[in-house]
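Asker: Can you make the complete structure from the sequences, with help from the hints?
The sequence shown begins at 55 in the numbering used here and counts up one residue at a time.
Keep in mind the hints are simulated off the structure, nothing from the lab. Please note: incorrect hints may appear among the correct ones.
Here are the in silico distance ranges between beta carbons for each label pair [what the hints assert, rightly or not]:
no.	residue 1	residue 2	range
1	Val167	Ser136	22 to 28 Å
2	Asn77	Leu108	33 to 39 Å
3	Leu144	Phe57	39 to 45 Å
4	Gly93	Ser136	33 to 39 Å
5	Trp96	Leu135	30 to 36 Å
6	Glu165	Ser136	37 to 43 Å
In silico DSSO-like cross-links for lysine-lysine, where the CA-CA straight-line distance does not exceed 30 Å [what the hints assert, rightly or not]:
no.	residue 1	residue 2
7	Lys188	Lys75
8	Lys75	Lys236
9	Lys236	Lys188
All residues carry an ideal CB built from backbone N, CA and C; glycine is no exception.
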Amino acid sequence: MSFLEIIAAAIGLIYIYLEYKANAWMWLFCIAMSVLYAGVFWSQHMYANLLLNLYNIGISLWGVSLWLRHKEQDNGQADILSFPRRWLPLLIGVIVVLVPLLAWVLKLMGETVAPLLDGLTASLSVVGIWMLAKKYYQQWFCWIVADVLYVVMFVHNGMWPSAVLYAVYVAVAVAGCFAWRKRC
Numbered sequence: 055m056s057f058l059e060i061i062a063a064a065i066g067l068i069y070i071y072l073e074y075k076a077n078a079w080m081w082l083f084c085i086a087m088s089v090l091y092a093g094v095f096w097s098q099h100m101y102a103n104l105l106l107n108l109y110n111i112g113i114s115l116w117g118v119s120l121w122l123r124h125k126e127q128d129n130g131q132a133d134i135l136s137f138p139r140r141w142l143p144l145l146i147g148v149i150v151v152l153v154p155l156l157a158w159v160l161k162l163m164g165e166t167v168a169p170l171l172d173g174l175t176a177s178l179s180v181v182g183i184w185m186l187a188k189k190y191y192q193q194w195f196c197w198i199v200a201d202v203l204y205v206v207m208f209v210h211n212g213m214w215p216s217a218v219l220y221a222v223y224v225a226v227a228v229a230g231c232f233a234w235r236k237r238c
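Answerer: Put into structure tokens, the structure is as follows:
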């Protein structure tokens with residue numbers, strides 16, 4: 055456990071609250087959390103999730119621009135959308151390709167503790183945050199699966215602040231799915 059991880063987890067709590075509320079300020083907290091977690095994952099040899107956090111920084115910049123451009127006139131929040139089902143095979147394909155590719159690269163690097171789990175959580179998160187940027191309520195399904203796996207990975211690595219944070223994320227993801235569905 056490091057001070058950096060504790061701060062990243064605290065910022066993550068603010069982030070998930072704002073995501074649940076569909077508040078565009080969440081992107082600022084996502085960037086801050088991603089910068090800090092990049093350092094945490096570097097020190098833990100969790101390289102797929104390190105790269106994921108660099109991706110999160112870029113997609114957060116894109117996401118905030120999408121959200122602000124499409125916000126509703128009456129309350130300043132962007133519309134919640136339903137995911138077009140025709141894209142489902144593509145997103146599943148992204149995950150199916152990314153998981154073994156990331157696991158293979160991580161095994162070649164030789165330092166990662168759980169290359170398959172690291173690759174799977176990163177792959178699910180790549181898809182989940184893209185869906186979040188597009189404001190699809192189904193993004194919560196991706197997060198439920200990813201967050202449960204993150205809890206397992208963090209407990210395995212002794213990263214207790216992150217394990218607690220992601221356990222909270224699981225509960226918020228379930229609640230968020232229902233709340234966002236009502237707004238869709």
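Asker: Hint by hint, say whether it matches the structure.
Answerer: Evaluated hints:
1. Val167 to Ser136: 22 to 28 Å: 38 Å, violated
2. Asn77 to Leu108: 33 to 39 Å: Violated, since Asn77 and Leu108 (Cβ atoms, about 24 Å apart) do not stay within the stated range.
3. Leu144 to Phe57: 39 to 45 Å: 40 Å Cβ-Cβ, so the 39 to 45 Å window holds.
4. Gly93 to Ser136: 33 to 39 Å: Roughly 36 Å apart at Cβ, these two residues keep to the hinted range, so it holds.
5. Trp96 to Leu135: 30 to 36 Å: With Cβ atoms ~35 Å apart, the hint holds.
6. Glu165 to Ser136: 37 to 43 Å: 41 Å, holds
7. Lys188 to Lys75: Between Lys188 and Lys75 the Cα gap is close to 15 Å, so the pair holds against 30 Å.
8. Lys75 to Lys236: Given pair Lys75, Lys236 holds - Cα atoms ~12 Å apart, limit 30 Å.
9. Lys236 to Lys188: 17 Å, holds
When each numbered hint is compared with the structure, violations occur for hints 1, 2.
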